[in-house]
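Asker: Here is how the chains run, residue by residue.
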Amino acid sequence: MAVVTQPPAENAVKKGTRRDSTFMRVTRFVSLRILTLFMTVVIGIYLTIMIANMGGYVDQIMRGEIRERITTAIAGGAAFKQMDPATRQKLIEEKIAVEEERVGLNVPIAVRNFRYLSNALTLQLGRAINMTSDSGSKQVRLILLERLPATLLLMGTSQLFLFFSSVFIALNLSRRYGNFWDKLTVAFSPTSAVPPWFYGIFLILIFSALLKILPFGGMVDSPPPSNPIDYSLSLLKHMTLPALSLILSAFFLSIYNYRTFFLIYSSEDYVDMAKAKGLPSRDVERRYILRPTLPNIITNFALLIIALWTGATITETVFLWPGLGRTLYQAIGLYDIPIIVGSTIIYAYLLALTVFLLDFIYALVDPRVKVGGK
Amino acid sequence: MKTLRNSFQTLWKYPSAVMGVLVIIALVVISIYTLVTIPYQEAIRLWRGGEDVWYRNPKFASPSWINFFSAKKYAESFAVQTSDGSMSKVVTSNDQDTSTIASSYTFPFEADVLPQDMILYITSMYQEKQPFLSAEWHTPDGRTIRLTNMAVTQKQTYRFAQDEKLKVKLKTDDVIAALFTDPKTGQIIKGDYQLQLSGATFEPESNMDLEFVFHGQVYGLAGTDQARRDLMLPLLWGTPVALAFGLIASLGTAVLTMVIAALGTWYGGWLDNIIQRITEINIVLPFLSILIMVGTFYSRSIWVILGVTILLSIFSGAIITYRSTFLQVKESMYIEAAKAYGASSPRIVFVYLIPRMIPLLIPGLVSAVPVFVFLEASLAVLGLGDPVLPTWGKIIQDANSNGALYRGYYYWILEPATLLMITGLGFAMLGFALDRVFNPKLRNI
Chain Y
1 MAVVTQPPAE NAVKKGTRRD STFMRVTRFV SLRILTLFMT VVIGIYLTIM
51 IANMGGYVDQ IMRGEIRERI TTAIAGGAAF KQMDPATRQK LIEEKIAVEE
101 ERVGLNVPIA VRNFRYLSNA LTLQLGRAIN MTSDSGSKQV RLILLERLPA
151 TLLLMGTSQL FLFFSSVFIA LNLSRRYGNF WDKLTVAFSP TSAVPPWFYG
201 IFLILIFSAL LKILPFGGMV DSPPPSNPID YSLSLLKHMT LPALSLILSA
251 FFLSIYNYRT FFLIYSSEDY VDMAKAKGLP SRDVERRYIL RPTLPNIITN
301 FALLIIALWT GATITETVFL WPGLGRTLYQ AIGLYDIPII VGSTIIYAYL
351 LALTVFLLDF IYALVDPRVK VGGK
Chain C
1001 MKTLRNSFQT LWKYPSAVMG VLVIIALVVI SIYTLVTIPY QEAIRLWRGG
1051 EDVWYRNPKF ASPSWINFFS AKKYAESFAV QTSDGSMSKV VTSNDQDTST
1101 IASSYTFPFE ADVLPQDMIL YITSMYQEKQ PFLSAEWHTP DGRTIRLTNM
1151 AVTQKQTYRF AQDEKLKVKL KTDDVIAALF TDPKTGQIIK GDYQLQLSGA
1201 TFEPESNMDL EFVFHGQVYG LAGTDQARRD LMLPLLWGTP VALAFGLIAS
1251 LGTAVLTMVI AALGTWYGGW LDNIIQRITE INIVLPFLSI LIMVGTFYSR
1301 SIWVILGVTI LLSIFSGAII TYRSTFLQVK ESMYIEAAKA YGASSPRIVF
1351 VYLIPRMIPL LIPGLVSAVP VFVFLEASLA VLGLGDPVLP TWGKIIQDAN
1401 SNGALYRGYY YWILEPATLL MITGLGFAML GFALDRVFNP KLRNI
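Same order as they appear, the protein sequences are chains Y and C. Residues 1 to 374 (the numbering used here) are what the first sequence spells out, left to right. Residues 1001 to 1445 (the numbering used here) are what the second sequence spells out, left to right.
Bound-form chain C, shown alone (with noise of 0.2 Å):
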């Protein structure tokens, strides 16, 4: 125990081991912190959500943060709505039940690319007389456009840019740019826009909700994809899932091959004999193939492809490494006298040898985590990744197939990707230090 304490007294003096440990920390502080705030069910539900969750969200929206990088400005998506009053709403009643609803909002306008897309969700209570609604928008060098007046239902979504009536009224296909640009030259115009509402209801009970979203060409932190997510979710939720694999995956096979080592040199004869055809059988069939047609025709579940993993990883070439140093340590003499004081054959093995083999055993674990991480990640590249969890593998997967490097949206591959590589630098760093602390050949290399 104190030689251990010792190594790792010695592993400090390593800058990668603290940089792979700070790495590990943070990953395990976001893991908790994700954990706490968005629970599992949650982050299924918003993960397997579709247009009713992310409605608010644009597609294929870049992160807001390459503004800072990027000559062009683009405009950040936003909603507000009236029933939790980012959006005014002034509502006046007049006579035989009728009322009058005012809501306006005005927002600034400084990108140099026009947003996708605005709509206006309607939601309105009535018996049988339905409200009515008008739009006018009001542009920054002083010009006012009417956009509709309509009846409306109790639910009603009004998308600017597929309005024919506007594109008529403004002798043009693209709506949206019509209204940011100056008609006459054709430039966007930057400054505070308004779009200005104005209902009535004709029913004393009568009442109507707006929510105004606008999908920009950037939104949060991380961006959205195809289904208009926010990717922040499954790069969040990717950390627990990536960290929980690769541990649970290489403490589970570490701790069994060594064990099963153990008590195959131990007992020996037939018990060890099979250990080794096995081993042999094992190294002939192919890993990856098998997880591929475990996924393809079996079950996706990332569970059952950990469990496949560590299944298949047990019986391979370590164990031929830990058994021989086994048989070393199965002559010395601390083994003799605990035979001679009558020690049992479980109480050796589990006691006396397989501590003995715990300082070869940590950097092997260690420097295996990114393997099984990737691991994971490259099932999910190949379309075999979990149904139901959002991971790092599945958001390149997504990207993948959408084309994302062929249309431009690096940001969807580099968030992941990064994740990846950080996380399986930092493992790897720890663990090639701990490679040089624990084994004696290297200490002096």
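Chain Y with its partners taken away, still in its complex shape (with noise of 0.2 Å):
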């Protein structure tokens, strides 16, 4: 979804008086952005662990299901019948603290929650607990990378979408704004407080339940075809509905954004007083009113380009769609720490780094932003 933001205020026009030098200016300013933007990491993602953990709530779950889960097994095996009950009671104990110490259970909480947290911030993602790849590892970077195609074929392809559709379509309408389609882009505007997921249901039954033409979900036909362009067939028969759905869901709305957005950039004086020198309505568009708005347009995509990473958790659950949303969903459900946290990792990085690449595009393109200048 496009938000047409402003720009912080502290990075905002406001020349300074002290006269250092660019580059102590500049080092300054990166270096505490830098320890600041890793510090709201650091904490954002120790919150992330102590909720996935919610303060042992999980321990005593995990601790429960693995004695269950042993304690059938071995009273159920054949080869255990002939034991007698002090020697099992023996064994289903061993195997329990085994299975513990594997899953991490016997260091106290609080040493993990920062085992965890350095992991991490290492990056070492580590081994997942229940889930595993469709090839079968145990690897939460593998997992997350086994998924990341999916998510980011559909996340890309309607999200990239409705970016260039609505910034182009936006700028047509607020050149001759009041006319009928831009009446109707603002009338049809509320339709964007119906999230994704809610007109999939809807795509669902018209195009698969009535119509029957497109899947109801899922990614490629089963068995996927061995030839790759009855595959890309396949693969684009089921996107249509779930791509539909996420930009049906934002399209007005985004265009609407980017329509006020110039319209409000369009009334400022020097617009006026580059019609009034008689500049080609081309020029007045790309000089005075694309580039003072190019940073919030920067700001939006970078956005959007993080919230590729996410995935959309609802719609790619209700299209059964496996990507990166559907398996944060499922890992939650099963208690997966290190997965939740492994997906949190990268994204509270990312944001990160989009926010600190940020001040500095702001800077490039907007000549009177200065970088780190107060």
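Hints listed in this document are in silico derivations from the structure and should not be mistaken for laboratory results. Ideal Cβ positions, reconstructed from N, Cα and C, are used throughout, including at glycine.
To be clear about the criterion: a stretch of chain C counts as covered by chain Y if any three or more of its residues have a C-beta under 8 Å from a C-beta of chain Y, and this derived list gives those stretches: (1) 1275-1281; (2) 1295-1307; (3) 1368-1375; (4) 1400-1409; (5) 1416-1428.
With a cut-off of at most 27 Å between alpha-carbon atoms, the simulated DSS-like pairs for lysine-lysine come out as follows: (6) C:1165 / C:1129; (7) C:1190 / C:1059; (8) C:1167 / C:1190; (9) C:1129 / C:1155; (10) C:1059 / C:1155; (11) Y:95 / Y:138; (12) C:1059 / Y:212; (13) Y:212 / C:1073; (14) C:1169 / C:1184; (15) Y:183 / C:1013; (16) C:1190 / C:1089; (17) C:1072 / Y:212.
Using the hints, build the complex out of the two chains.
Answerer: Here it is as structure tokens:
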């Protein structure tokens, strides 16, 4: 979803009075910024770990689960039938201890939290507790990497289409605002109050249940076609509805936001001045309207790129799309803390990196902004 | 205040605002009606009730209004009983403490689709000698089918479709079809059917009450779900729940955000710094994941989820917007004047600073309502809905997990979805109009 945001107030136009060298100023700014952003990430991740543990509550659930699983396995195993009860009990306890050590339950929770934290910060994502990738690996990195293409494909297609089409259409609408199409967009913009999965249900109803032309969910036909052309066609067929619902839900609001934004900027005095000078409208648009709105458009684009990583949890769940969002939801259901933390840390790092880079990009595209200028 | 009133007057010029207000009023009226007619405890008893509460209803029955749109007509469900007089009952006392009970029920059947099931519930009172009951079925074309003869216990259920003797007698596996069709052509016969019951009791105090339940293919105005529950209940009860969740969440978030932003900008220093840092951390936290975790690990109660939602939404991007506006307001002349006459800091914050921001607050508040209404529904669709309360999201989840779309029970999803959509659009339309009225930059656009 595209949101038009104002650039943070701190970076806005305020000419400095101190006359340091540019290098010193930038170095001081960069180190301070990296430090605060890093602290933010550390605290954010630690909080996520705490919540994912629920203050030890999850441990109890996992302990109970391990005990039950091993007890039933041994009680049901034919090989253990002959053992006398005391030996069997001892065997059960031993196996439980081994399993608890494997999952890491033998370490106190506070220590474990910090271990999770330091591993996460150094991007050692470790091994999942319960989930496995389709290729059978328990490495969190592999599980996430396996789901990444599906999410990138779906989110990338829909979000990039959404971004470029809405900027383009908004620019056109703002040029002749008040006409039929403009009014139609304004009238339809409240439809974006409805989330994508909701449109998804309607689309499934129409195209899958009633018309029976598109599949209900999934990513490719089963079994997957071996021919690459058939494979991509099948992929396309499965992707149409989820992508459409993601686009539909944000389409009108996104256009409306950009259009309003362009209109506000085109009512500035310098735009009137440029028009009065008799500049061609293309030049007016490019130099006097698009240029000052560039920082905001870049911000939106950057946030969009981050959003690709998280996926759309509920839309993916509704369409049974094997992406990251649905994996995260499944991981929560299986109390798989390494996966929850893994996907959060990557998101947090990407966000911090983007925020950091945006400061410089602002300075590049907007001559009024100075890096670290106060 | 006067400008506020003027703004509201210009609001009525926007058709979307009028529509939005009408939708919201309608929702409030439905909520009040629901809360008065179905009290909380009763709603939960019904919603959590099993077969004992809902045995009269068919499963997966469409709402009866689909007969208007469908070429095929479906039979409507009904239940009649002798204890409230909806089914006739004549008791004749005979000698030797015996008596005979005659009861019959005639109903028109004009549907093109067979009913799901027919069931007879018998409750009887006796000491030692069991009463006796025989049932006959009269079709419109004049045939009479003897259904059963049986000695009844205190609580007995007779399911037409599962009577093995009747299956043998009618030479079919599908008793219901045999009862409603012409044996030669196999066509459904339309007309008045009659169920005739005659019982006999053999003790002075012995008595018998009968209930005839007809599970048609359609039921009521809303239809039923997999547990025979009338969907009207969650549809009605979902309204106050959705409104309460949406309004409390958006009001709580907006007001708290504003107060915190105002306090931060007014006192400045470390307070302001802390607020900004918390906001930055909060943006890193995965909002939906945390809600899912709270729902999975801790509690699914709608009030816990509501609290966590508000808590996570306070320190959002809005605080940055408010802060920058407060910074401007803080420097204005009338604040100087207030300081000069010796107003205390809390007084300035709550009497001078915050009221100035109300025009900015209202559109955002109204526009945020649908976000929270749909958030509740989203969590319910993920299976994290409140375990006790009937809500719209829970209907969709039930429908989804029962494969409503695959199996063609479209009403099941469309009804709650339409209500959610109307609610969301109502608030969104009003919010948009408010935004254009209160936001001076947008007024001429």
